[in-house]
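Trainee: The lines below spell out each chain.
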Amino acid sequence: MGQPGFMNIDSNTILFARDLKVWFPVRRGLTDILAKRPPLYVRAVDGISFDVKQGDVFALVGESGCGKTTTGKSVLMLYEITGGQVGYKPSQELMETYSKLGFKPEVITEFGHINLAKIPRKYQRPLRKEIQMIWQDPYGSLNPRLTIFEILEEPLIIHKYGFTRSDRYDMIYRALELVKLTPPEDFMNRYPHMLSGGQRQRVVIARALILNPRFIVADEPVSMLDVSIRAEIIELLMELKQKLNLTYLFITHDIAIARYIANKIAIMYLGKIVEMGETEKVIKNPLHPYTRALISAVPEPDPSNRLKMREVPIKGEVPSAIHIPPGCRFHPRCVALDEHSELRGLCDKSEPPMVEVEPGHYVSCWLYAKR
Amino acid sequence: MSEVILDVQGLKTYFYTSKGIVKAVDNVSFKVGRGEVLGIAGESGSGKSTLGFSLIRLVPPPGRIVDGRVIFMGEDILKMPEEEFRTKVRWKGISMVFQGAMNALNPVYTVGAQIAEVLMLHKGLSKKEALEEAANLLKMVGLDPRRVRSYPHELSGGMKQRVVIAMALALRPSLVIADEPTTALDVVVQAQIMNLLKRLQRELKMSIILITHDMSLIAEIADKVAIMYAGKIVEIGSSDRVFNNPLHPYTRALINSIPSLRKELKKLEFIPGVPPDLIQPPPGCRFHPRCKYAFEPCNKEEPPMVEVEPGHYVSCWLYAKR
Ligand SMILES: Nc1ncnc2c1ncn2[C@@H]1O[C@H](COP(=O)(O)OP(=O)(O)OP(=O)(O)O)[C@@H](O)[C@H]1O
Ligand SMILES: Nc1ncnc2c1ncn2[C@@H]1O[C@H](COP(=O)(O)OP(=O)(O)O)[C@@H](O)[C@H]1O
Ligand code: SF4
Ligand code: SF4
Ligand SMILES: [Mg+2]
Ligand SMILES: [Mg+2]
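Top line first, the protein sequences correspond to chains A and B. So the first sequence is numbered by numbering that gives the first Met the number 0: it starts at 0 and just counts up by one. So the second sequence is numbered by numbering that gives the first Met the number 0: it starts at 0 and just counts up by one.
Since the hints were made in silico from the structure, they are not lab data. Positions of the beta carbon are idealized from the N, C-alpha and C atoms, including for glycine. Treat the hints with caution; some may be incorrect.
[Stated by the list, open to error] Covered, in the sense of this in silico footprint (three residues per stretch, anywhere, with C-beta under 8 Å from a C-beta of chain B), are these stretches of chain A:
id: 1; region: 84–97
id: 2; region: 184–197
id: 3; region: 222–234
id: 4; region: 255–267
id: 5; region: 304–310
[What the hints assert, rightly or not] No more than 20 Å apart at the CA atoms, straight line, and that leaves these computed lysine to aspartate or glutamate pairs for EDC-like:
id: 6; chain 1: B; residue 1: K138; chain 2: A; residue 2: E279
id: 7; chain 1: B; residue 1: K122; chain 2: B; residue 2: E81
id: 8; chain 1: B; residue 1: K262; chain 2: A; residue 2: E310
id: 9; chain 1: B; residue 1: K262; chain 2: A; residue 2: E279
[What the hints assert, rightly or not] Distance windows between CB atoms, simulated:
id: 10; chain 1: A; residue 1: P312; chain 2: B; residue 2: T16; range: 44 to 54 Å
id: 11; chain 1: A; residue 1: E92; chain 2: B; residue 2: G99; range: 28 to 38 Å
id: 12; chain 1: B; residue 1: S17; chain 2: A; residue 2: R144; range: 12 to 22 Å
id: 13; chain 1: A; residue 1: L33; chain 2: B; residue 2: S43; range: 45 to 55 Å
Using the sequences and the hints, build the whole thing.
Mentor: Now the structure itself:
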């Protein structure tokens, strides 16, 4: 497909995906193999492109199963990429480490972006120091048998960061201070079950920060928390971003939360980005029929809502990522298609291209593309 | 208010754990009218689910209802022998959609068989009659009646939640307690389930108690709101008044912590600190260690419940005379 025309990669781009695909093979029974049925795939991420600039908070928003986590994990090289590229602007330090190791990563742009999809496993470790992940579940992601000190010490030992125990103590102390678990001495010797949900999520954040990363993939960092403490964690993430000069790929199913944290937002549906742009533009003026449905479904704390039904312009249910509808993959659920008879025969056959409708606002839908 | 069908007075439900007594529901009182929807909001651990379990007398051990009265249709159901409660009230009068129930459906039986079992057991229907009624119930909750033959794994989360709601409605109770009925669902499906509850409530003239930590869901459906903090109701009133004139500092923070998609962007509020230990709750007002308005009496004496405007009650020293 080449470089989609809407991408503007420059020296400020810290990370980009270009036609990224991650497919998982579906396990087949013996009868399938004997009958020579073609292999099936879960097309979790099915050709997405986006670019993240230094200092951005770029939100990936969509419903369960649309491919957000898979995108995040492939950026972290935790999945084998089926197709496309993930470009990353390495730090000087990383390139020096690589040259010491005698490794030359593949450079794929004139601005020096390296292709993360092609970094052999044994050279991934130095990269993992700069790209870190905050996981979805603060309850499952901390080992219950380790103290907070041991949890935070683990990455330091793995990455040989801090040579003596007292170096490591200082780093852990500072990390706990950063996430406001103070006084740090009070928390170091506790086990995860001795913390509240919000405190556990702070430990998860401290663990992601302790190696001084530049780029953070934050996967639903607040969705397991009560609404009343989400804001506190969001504020902490924003403060840390400023203080430490971080860039976030922020994954959430909650578009309202994305509005409070992200300057750019991409709406995903069934493995594709359907709409993308500056957050306020997308939220104030949603163009894609799916984005419109998503936005209209969000409840507000306004008691007059109880007097009416909430109209959500969408049909049916999300299809399986194995059997993706042809053409525009949203067409079986699209109410706009029902209203625009001229699109019949088009939407269910060919995939709409991504077009820039207003500056910095992109959508992939035949309502807006030249036919 | 219309005819009162549920009148809870001074309810206390405690868990007798090895670490001490967890006062999960501690002197809670409220009323629900026929056809009325009461929303109960509060942080996780504030005692919402335990309150729900108490009302259908299914408090898990080591928990026990230790005091109070629950008057349902004129009778104190806490005084009934278990056998009478089981045949007359549970599922028939009051039913509950349990938190996470959609993931607790039995994987080896069809959803039709699971609904039919409830009907056979409580209504004495034959298997054939029960399956027919199960199909009707599925239709009522917006599913294809042929889904009686589906197994839980063949259904999406939203469909499973509809099945669980159908089960709760099987015996046409007058009151349904829905505990976090949309928490694990996507927002589009959540909106559909909320619409379903709204529609059923109108068609069947049921009363609903909706339990959730999300105040915006309460605004979607509730006529009346109760705010729970650390086992107590700290504010209760009509939705209009509680949302438009929240009185308790905790209620205000809860409302101002909700990220809005449509309103002007302003800084979100949050409630600092950690939820209290219910074994040794803070003395005086239980919210005082986290309250930015706390003043002299707050850590000594529990504030009384006062009626600040008609039907709008709050328990906070900012409003009470001393
Ligand atoms: N390791 C895997 N093997 C097979 N299929 C997978 C794997 N991981 C994810 N999938 C499938 O890929 C699709 C996308 O999953 P993913 O976890 O990326 O979704 P998500 O958007 O993060 O959803 P959620 O909001 O529920 O976290 C789903 O259909 C999922 O079942
Ligand atoms: N089975 C149980 N054993 C002991 N303590 C319990 C049990 N269930 C709930 N609790 C305690 O009771 C309190 C209220 O819990 P719960 O009713 O589940 O709150 P909510 O539904 O508001 O999150 C919490 O402190 C919780 O830890
Ligand atoms: S391309 Fe057609 S089917 Fe797809 S969202 Fe646009 S109008 Fe609907
Ligand atoms: S009683 Fe005091 S501490 Fe409690 S909510 Fe009111 S002002 Fe705050
Ligand atoms: Mg995910
Ligand atoms: Mg609960």
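Trainee: Starting from the hint list further up, note which numbers the structure goes against and sort them upward.
Mentor: 1, 6 and 11
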